[in-house]
Amino acid sequence: MTTAVSKPEIGRETVTDQEKWLRAHRQMVSIRLFEEQVNEVYTRALMPGLAHLYSGEEAVAVGICEALRVDDYITSTHRGHGHCLAKGASPDRMFAELLGKEAGYCRGKGGSMHIADPATGNLGANAIVGGSVGIATGAAFSAKALGTDRVAVCFFGEGALGQGSLYEVMNLAQLWKLPVIYVCENNQYNEYTHYAETTAGSILGRATAFGLEAASVDGQDVRAVNEIATRLVKRARAGAGPAFLQCDTYRYSGHHVGDINRDYYRSKQEEHLWKTDRDPIKVLSKWLLEQGYADTASLDQIHSGVRAIMESAVKFAIAAPYPSVDEVEKHVYA
Amino acid sequence: MPERELTFAQAVREALAEEMRRDSHVCIFGEDVAEAGTPFKVLSGLVEEFGAGRVVDTPISEAGFTGVAVGAAMTGMRPVVDIMFGDFITLTMDQMVNQAAKVHYMSGGHWRVPMVMRTTLGATRRSAAQHSQSLHAWFSHVPGLKVVLPSTPYDAKGLLKTAIRDENPVVFFEDKMMYKLKGPVPEEDYTIPLGVADVKRAGDDITLVATSSMVQVALGAAILLEKEGISAEVVDPRTMWPLDEKTLIDSAKKTSRVIVLDEGYGRYGVTAELAAVIAEGAFYDLDSPVKRMGAMHVPIPFSPPLEDATVPTEQTVSEAARQLCNKT
Numbered sequence: 006m007t008t009a010v011s012k013p014e015i016g017r018e019t020v021t022d023q024e025k026w027l028r029a030h031r032q033m034v035s036i037r038l039f040e041e042q043v044n045e046v047y048t049r050a051l052m053p054g055l056a057h058l059y060s061g062e063e064a065v066a067v068g069i070c071e072a073l074r075v076d077d078y079i080t081s082t083h084r085g086h087g088h089c090l091a092k093g094a095s096p097d098r099m100f101a102e103l104l105g106k107e108a109g110y111c112r113g114k115g116g117s118m119h120i121a122d123p124a125t126g127n128l129g130a131n132a133i134v135g136g137s138v139g140i141a142t143g144a145a146f147s148a149k150a151l152g153t154d155r156v157a158v159c160f161f162g163e164g165a166l167g168q169g170s171l172y173e174v175m176n177l178a179q180l181w182k183l184p185v186i187y188v189c190e191n192n193q194y195n196e197y198t199h200y201a202e203t204t205a206g207s208i209l210g211r212a213t214a215f216g217l218e219a220a221s222v223d224g225q226d227v228r229a230v231n232e233i234a235t236r237l238v239k240r241a242r243a244g245a246g247p248a249f250l251q252c253d254t255y256r257y258s259g260h261h262v263g264d265i266n267r268d269y270y271r272s273k274q275e276e277h278l279w280k281t282d283r284d285p286i287k288v289l290s291k292w293l294l295e296q297g298y299a300d301t302a303s304l305d306q307i308h309s310g311v312r313a314i315m316e317s318a319v320k321f322a323i324a325a326p327y328p329s330v331d332e333v334e335k336h337v338y339a
Numbered sequence: 011m012p013e014r015e016l017t018f019a020q021a022v023r024e025a026l027a028e029e030m031r032r033d034s035h036v037c038i039f040g041e042d043v044a045e046a047g048t049p050f051k052v053l054s055g056l057v058e059e060f061g062a063g064r065v066v067d068t069p070i071s072e073a074g075f076t077g078v079a080v081g082a083a084m085t086g087m088r089p090v091v092d093i094m095f096g097d098f099i100t101l102t103m104d105q106m107v108n109q110a111a112k113v114h115y116m117s118g119g120h121w122r123v124p125m126v127m128r129t130t131l132g133a134t135r136r137s138a139a140q141h142s143q144s145l146h147a148w149f150s151h152v153p154g155l156k157v158v159l160p161s162t163p164y165d166a167k168g169l170l171k172t173a174i175r176d177e178n179p180v181v182f183f184e185d186k187m188m189y190k191l192k193g194p195v196p197e198e199d200y201t202i203p204l205g206v207a208d209v210k211r212a213g214d215d216i217t218l219v220a221t222s223s224m225v226q227v228a229l230g231a232a233i234l235l236e237k238e239g240i241s242a243e244v245v246d247p248r249t250m251w252p253l254d255e256k257t258l259i260d261s262a263k264k265t266s267r268v269i270v271l272d273e274g275y276g277r278y279g280v281t282a283e284l285a286a287v288i289a290e291g292a293f294y295d296l297d298s299p300v301k302r303m304g305a306m307h308v309p310i311p312f313s314p315p316l317e318d319a320t321v322p323t324e325q326t327v328s329e330a331a332r333q334l335c336n337k338t
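The listed protein sequences correspond, in order, to chains A and B.
When you read off a place in the first sequence, starting at 1, and then add 5, the result is the number in our numbering.
When you read off a place in the second sequence, starting at 1, and then add 10, the result is the number in our numbering.
Please note: incorrect hints may appear among the correct ones.
[Stated by the list, open to error] Computed, partial: chain B to chain A, Cβ under 7 Å: (1) 74; (2) 77; (3) 177.
Keep in mind that the hints were calculated from the coordinates and are not lab data.
Ideal Cβ positions, reconstructed from N, Cα and C, are used throughout, including at glycine.
Model the full assembly from the supplied sequences, consistent with the hints where possible.
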């Protein structure tokens, strides 16, 4: 089961603008509805552990991943469902992983915060903030050393700007001209604290100080994200070195599903404003309608089609068996 | 023809060179590993043969380049990371413990991390508290990592080659005081499996289980004891994990007395684990409690007489053995 039509072949010229953006729309809707189901499953106490929802940030994952090849690498974060889906993962195996089932991407051993999928170049989500910056940079090292022309994208939240390892690897990546793109998803909040309280100076200045190509973009506008990502991916693939992209976005939910009372760190008014005026799906839908690429009925149809897929994925995961306890010591060593 | 002898450092270098010739994916990351060949000169000559693309000088960023090695290992390379002093592994802990050690398991077996971290241990080099520790217990505590402690040039070459070919993250601790130790090392390609202990000297009255730098100390103590009619067996586990429990237990059953020696801190150190394994496995064959000897529980001091007091010596080990054998 996949959420979207299979990705057009590289260099295929027949993809129309309409096809491209309808696909992006569908991908964003998939993430939104996946997370709605996560919220539902979690609050029904069917999902163990923690759930960090990506809702509101869809344009970042989709805008970036639509600029990548299937064999390009990504590393993801604890808030990683969107990255996985955008890179091509199947919702049924993702839900199975979220519920700790054997059919999950990691046989239930990773869970929501550690989904990895070699088939789509997903090196794994990481629950240490900034924990995957080395892995992404190392994947870029391999790409260069092996001459594969692959690109690695390292997704992280603005909270990771506080981690020193990010600056170590940006230095290395620029010294060695590695094909890696550091994507800073600035969703405004480091857990329960506004980033302005934790982040001195300039965000982009951190990257330009190392000589990285650096840019910022409206992370609610998937077309803008995709346009700049396409440029940065192209130059990385051509050997021009690493880049840093700041995507300004917003986390609709709390830090995790249980973070309900958020008044002490942000207002309901602020949340309302982002959800109504700057929602990435609304922004793209409006444009699709204006271009005549879709009408309300066709967008509704996409929505209901995706919803059916997500509901069926949840059913699959709930019915799927847990791994045998015999497996607990398997995969400690390869 | 006499057997060829190499120093410990030359044996390490030969293992690396052979593996780099054998597999073009093997590469080295570290500080001053290329032209400088490291401060210990262990890697001299490698960059000349393999080039700067495979013997890669890094900035002083242990966390950064260790993390890069993890990612490179996941995606087709077989990196060997050089951490100059074992004390600096503190800077790499998240990359090794939360990333390298867990990637295979967390991904349900999908991704692998075939990398080696080479680093050092050992005191008495007058390098003070931040360049003298033996911290291998920390990594030995973590599932997903393998930990190797060679004690001879022969073992260093054979074990390092196995470590490089292993599909898992392996941490390889070298005693920096041992780099000039000479011993027989065959020129041909050979490997030593991880998880196989080696009886360095056979004996009947007491077992000295010794790791890394302490193997030479135990062998010296055994010579002292022999003069007094005590026959000491010296067993080197060679790897902390996987651990050859059987050889340790069999030796303990044979001699009925055991001292476990390791240069790491005694408290909560590997001697505690080794002693527990022996106590559990050979309890009814023991004539006395298993004794542990490790570094004193102090930051390693600079002043030579103070530093020398912190680690077991041939004298302190043989004295402890005499007491256990009731021959004081």
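Close enough to count: is the Cβ of residue 77 of chain B nearer than 7 Å to one in chain A?
The hint holds - residue 77 of chain B has a Cβ within 7 Å of chain A, the shortest such distance being about 2 Å.
Hint residue 177 of chain B vs chain A: min CB-CB distance below 7 Å?
With a closest approach of 4 Å, the residue 177 of chain B hint holds.
Min Cβ distance, residue 74 of chain B to chain A: is it shorter than 7 Å?
Holds, because the Cβ-Cβ distance from residue 74 of chain B to chain A comes to roughly 3 Å (cut-off 7 Å).
Hint compliance for this structure: every hint is met.
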